[in-house]
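J.: Sequence:
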Amino acid sequence: MPGLVAFGRRWAIGSDDFCGILPPSRWIGILVLYTVHKGRFNCPGGGLLRSYLLVLLILLASIICAISALVYISMQGTISNPGPRKSLPKLLYTRLLLYLPEFIWAVVGAVWVSDSSVHCEKTVINVIIVTVIASWVIIIFTIIGILIVFDPLGGKKTFYLTSGIDRNLESSQSGQLLYNVKNSATRVWEKRIRLLCCCIVQDDDHRVAFTSIAELFRTYFSDTDLVPSDIAAGLTLLHQEQDKMESCPKDPEEVLCHSPSSLVRDDLDIELENAAHYMLFAAAAYGWPYYIYTNPFTALCKLSGDCCRNRPTDSDITGSDRHNFHFGAILKMTGLQYRDFIHISFHNKIYEIPFFVALDHKKEAIVVAVRGTLSFEDVLTDLSADCEDLTLEDVLENGFVHKGITQAANYIYRKLINDGILNQAFTIAPEYKLVIVGHSLGGGTASVLAIMLRNSFPTLKCYAFSPPGGLLSKSLADYTKHFIVSVIVGKDLVARLSMPNMEDLKRRIVRIVANCNRPKYQILLRGCWYEVFGGDPDNFPTELDGRNQSALTQPLLAEESLMVHRSPSYNTLEDESGLNSPPQYPHLYLPGRIIHIVEESSCNRLCSSGIKYTARWSNQTVFSSILISPKMVTDHMPDVVLKALNSLSQEHRSCISC
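Per UniProt numbering, residue 1 is the first one in the sequence shown, and the count goes up by one each step.
Misleading hints may appear alongside valid ones.
As the list claims (entries may be wrong) - Derived DSBU-like pairs (lysine-lysine); straight-line CA-CA distance at most 35 Å:
1) K403 x K349
2) K403 x K302
3) K302 x K244
4) K332 x K38
5) K86 x K474
6) K244 x K474
7) K38 x K86
8) K612 x K474
9) K363 x K182
10) K38 x K302
11) K182 x K244
12) K349 x K332
13) K643 x K474
14) K612 x K332
15) K433 x K481
16) K643 x K403
17) K90 x K182
18) K631 x K362
19) K363 x K302
20) K631 x K612
Think of the hints as simulated: they come from the structure by calculation, not from any bench. Everything numeric in this text was worked out from a predicted model, so none of it was measured.
Based on the provided sequences and hints, a complete structural model is requested.
T.: Take a look at the structure:
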């Protein structure tokens, strides 16, 4: 529902978020302690301690009554119908007022229990100390909770409505108000990002990135009035609705479309075998963190044995690699020798990511492997999602690309060309072909780098594993189908991550939570059970039931109540071209041809054994919407991608041997 309004400002918590805070256990525990030890207070100062416990019991009983009423009212209504909860702020004020005597009594208890004139049994003293500590812990956690749900812009949210409903203000006044609020929101997000990145050295590039990312977050979150629990409820509802749709029988024509010809199947098998081979290089680029993650019990021993060996000259390696752990892990995972590496860079800044260049004698290739996201700097590169022009002679239309990833590709391009790294590699192996690989951020960077190098190396090939979805414009994506292969596993979130898709997800969440007729606590409880143990998707009744199709093309009143001002997503609903992306977010696509690997079967949600994978050539439309799944994050992990590719490659080899 819309955020709770209390003390004249909005808070990042809903009036239906107070369903799980009933604490009778503390009152029962103190009552039991008092009953057990009530005969031991006949000692100097014992009367003070007895009084402390009795008053605390009475105070806690009052608090429990207030919280019980708070919980009962919080359970009424639905997410988009807060009417039955309109009395909740008054109950909340009552509960907060009770914190004053609770705080005073906690201070009194601390003073009395530390009084030197109290000479009671040690057990009694320890009981009082425990109750005092419990009181202070609850007070501290309450203060932390208030800080978490505090919205710095809570007092200014209503200004977003100015441009839409206040017709009495002149346009210049309303425009200035909206401009001030937007600036305030951008500054708040920028401070949050700076706080999260306080441990890294910040330069001009960082400051520009902070402002750009803050603007992006402000734009995305400013037009909704949803609290985090609303989003959680919306995601679980979308997941169940999505599973119901997937369980429906498919159209025979759709099944027929996915039946590949033998020629296409042979091409797919060849690419899968190559992808399984080159994924080792993409995973190796992560260095020792990935090696330890996949070999938790033996990795440290193996790497420790290699750390003292001779390493290539310093000119071959740039960046920090203390104890030779990164390079040792790369050697272990790729199976290459020292002499096979032309250049290794562990240097890592914003827009500058690690990579290595090596000779792959098995495939007769010069491999450029780019690392994916592994540091705060990499995250900032990922989130610098503005569009940037990339003009190519072979492409008639100017292409748009992801700004942060393009900057990273430019950095590697300069190193490879200007520093003569590729010239050195082709001097050693002139007959080898150039292959560029990477996973996640590395996959996106490898794709843009391949586009930049394509004219100089017409035979190059690129394998992008789980690249970000919002990467290339349509013209560039079509251009790359000749030399880039993208590999996506399951419902990978990152491969579907683009601003239009995020806007679409926001619109779907608003729509489904606004029209569900169940209280939020029921949605979340049922959703937790479904996510952990599975079962049949719940059929929650909604306001959409019984409506005709034409009525569903317009935003409903409940949905509009959850929007602070008109969302770009809703603007598209009103246009004739309702399926187009929001105007300020151009559609960006995955690079090249796409291999989509899906999980065919598994025993259950808590078991990863018995998984069988299938692969097929896919298209961009499959990744035009974010799918909700417990595996939407794990499907992106490099070990899962490598496991799926190895499984398919092994299955193909066994079929050939048969």
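J.: All the hints need checking, so say for each whether the structure fits it.
T.: Against the structure, the hints:
no.: 1; hint: K403 x K349; in the structure: 15 Å, holds
no.: 2; hint: K403 x K302; in the structure: 39 Å, violated
no.: 3; hint: K302 x K244; in the structure: 48 Å, violated
no.: 4; hint: K332 x K38; in the structure: 67 Å, violated
no.: 5; hint: K86 x K474; in the structure: 49 Å, violated
no.: 6; hint: K244 x K474; in the structure: 32 Å, holds
no.: 7; hint: K38 x K86; in the structure: 43 Å, violated
no.: 8; hint: K612 x K474; in the structure: 33 Å, holds
no.: 9; hint: K363 x K182; in the structure: 54 Å, violated
no.: 10; hint: K38 x K302; in the structure: 62 Å, violated
no.: 11; hint: K182 x K244; in the structure: 40 Å, violated
no.: 12; hint: K349 x K332; in the structure: 26 Å, holds
no.: 13; hint: K643 x K474; in the structure: 31 Å, holds
no.: 14; hint: K612 x K332; in the structure: 27 Å, holds
no.: 15; hint: K433 x K481; in the structure: 18 Å, holds
no.: 16; hint: K643 x K403; in the structure: 31 Å, holds
no.: 17; hint: K90 x K182; in the structure: 31 Å, holds
no.: 18; hint: K631 x K362; in the structure: 34 Å, holds
no.: 19; hint: K363 x K302; in the structure: 27 Å, holds
no.: 20; hint: K631 x K612; in the structure: 15 Å, holds
Hint check: violations occur at hints 2, 3, 4, 5, 7, 9, 10, 11; the rest are consistent with the structure.
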